[in-house]
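*Asks:* Using the sequences plus the hints, can you model the full thing?
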Amino acid sequence: MLDTVTTALDWLGIVVFAVTGALVASRKQMDVVGFVMLGTATGIGGGTLRDVLMGAPVFWTRAPAYLVVCAAVSVVVFFTAHLPQSRHRILLWLDAVGLALFAVTGAEAALRAGAGAIVAAAMGVITATFGGVIRDILGGESPVILSREIYATAALAGAVTFTGLTLAGAPRDVSVGAGFA
Amino acid sequence: MLDTVTTALDWLGIVVFAVTGALVASRKQMDVVGFVMLGTATGIGGGTLRDVLMGAPVFWTRAPAYLVVCAAVSVVVFFTAHLPQSRHRILLWLDAVGLALFAVTGAEAALRAGAGAIVAAAMGVITATFGGVIRDILGGESPVILSREIYATAALAGAVTFTGLTLAGAPRDVSVGAGFA
Amino acid sequence: MLDTVTTALDWLGIVVFAVTGALVASRKQMDVVGFVMLGTATGIGGGTLRDVLMGAPVFWTRAPAYLVVCAAVSVVVFFTAHLPQSRHRILLWLDAVGLALFAVTGAEAALRAGAGAIVAAAMGVITATFGGVIRDILGGESPVILSREIYATAALAGAVTFTGLTLAGAPRDVSVGAGFA
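Chains H, F and P are the protein sequences, given in the same order. In terms of the working numbering, the first sequence opens at residue 1 and continues consecutively. In terms of the working numbering, the second sequence opens at residue 1001 and continues consecutively. In terms of the working numbering, the third sequence opens at residue 2001 and continues consecutively.
By construction, these hints were calculated from the structure, which means they are not laboratory data. Treat the hints with care, as some may be off.
So, partial list: chain P residues that the calculated Cβ filter (under 8 Å) puts toward chain H [as the list claims (entries may be wrong)]:
id: 1; residue: T2048
id: 2; residue: V2052
id: 3; residue: P2057
id: 4; residue: V2058
id: 5; residue: T2061
id: 6; residue: P2064
id: 7; residue: L2067
id: 8; residue: V2068
id: 9; residue: I2137
Where a beta carbon is used, it is the ideal one built from N, C-alpha and C, also for glycine.
*Replies:* Next comes the structure, spelled out in structure tokens:
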């Protein structure tokens, strides 16, 4: 059951980041292919770098559903992004949610792959921040790390909390919950 | 014989992208080492990311001829880039040619490595676009994806067409030809 | 004994680059987490890309001490960066030292992994330059390669000299010394 929870959190993080990527494409007035590329790169970017660094197979090369969902989410944003009044506030809020999710799932993936506590926490931070870095570079904006390092702080705190609790033997649902707080 | 065709297309794409990288170095008035680094990174960048993501050995680590040719092409551009009247138009044209070539050869490399249709199409797009992204980041320009996503659209169309035809059992030369159109 | 020398040079290069990353964080007035992230990414970035391209396990995933040292160095810089009068001159000088160190240790790591001369020289250049590229991208500055390609020239010269001497059978300490000159 907990595996299902983790998988669900991972999917949620990917969808949330895909939306933020598509929102940046919207701000830059790209066409629908720009939405799909930026949304997909943002959604899968963090987990991709984590897998490459851990020497694991990149998760979406075996499960194309990730690509399909990211593309579909981006297309939905393409047709609805003009509706909300304040896209930028939504983007910041979703970014924070995605960071919290990926800090936990990234650290857990590293722990399961046999990494130690410090490396696992670093992987949590990398998974949480890299998608946004790709998005900002491809979108021609200053990377978030420059102007919003408060988010990196949050990602680090979440990853460290989660890793510490897990290694201390805490039940995973407690750790996951604490990693968000 | 068809393998020879694919290899030739791959080399052609690498040379074309190396020229575009060297042309950006020329616009930035770099020295000859800047030409070599930007030309080589642009020429091999897309295929490098494709190989890393597929978990395959990076192609040029086993065949240094790729590095030598990229460097040689960049040096040639260094000594001739002042000759043409309109470097920017040449760059845009070569970029489009390189994208079409790499969209096809990237998708084919992924198919041969056992990837499914969607992943293969994504690899075609990644191979085709990433060299230019590296070039623009290292050259201090806005990434192409921002301002010229028409090219990403073309790369996606080429990769999807090629992958679809190949999986449908079309002879490869037909698929390769259609992937360019 | 020479292995100890190489390891010491590698550590020295990592620390030097971590300091330059933290100095950029200082110029951008980031908080302490920004220092740690930029310092760590700069310190381990070049070696990380080298390992990924060579298909080797990424060095710091097995030895978290690298992460800890980079973070500690960054924290020290956070508390002392306001002291020196000319941070920018220090940064340029350290950058040159780190480049020379990594050009040699990067080429040697590739040679030991079985790479040929040309690939080894390329890996020396990549190891030496990529940390600084990451630092400048994350810090929102123009990548060094654009404005300071004199450093890339130096890295290339160092890597080529070292590789050539090593393959010619020169004792390693001679090659290491010459690679710096």
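*Asks:* A separate judgement is required for each hint: does it hold in the structure or not?
*Replies:* Going through the hints against the structure:
{"no.": "1", "hint": "T2048", "result": "holds, 7 Å"}
{"no.": "2", "hint": "V2052", "result": "holds, 6 Å"}
{"no.": "3", "hint": "P2057", "result": "holds, 6 Å"}
{"no.": "4", "hint": "V2058", "result": "holds, 5 Å"}
{"no.": "5", "hint": "T2061", "result": "holds, 5 Å"}
{"no.": "6", "hint": "P2064", "result": "holds, 4 Å"}
{"no.": "7", "hint": "L2067", "result": "holds, 6 Å"}
{"no.": "8", "hint": "V2068", "result": "holds, 6 Å"}
{"no.": "9", "hint": "I2137", "result": "holds, 7 Å"}
Violated hints for the displayed structure: none, as all numbered hints are satisfied.
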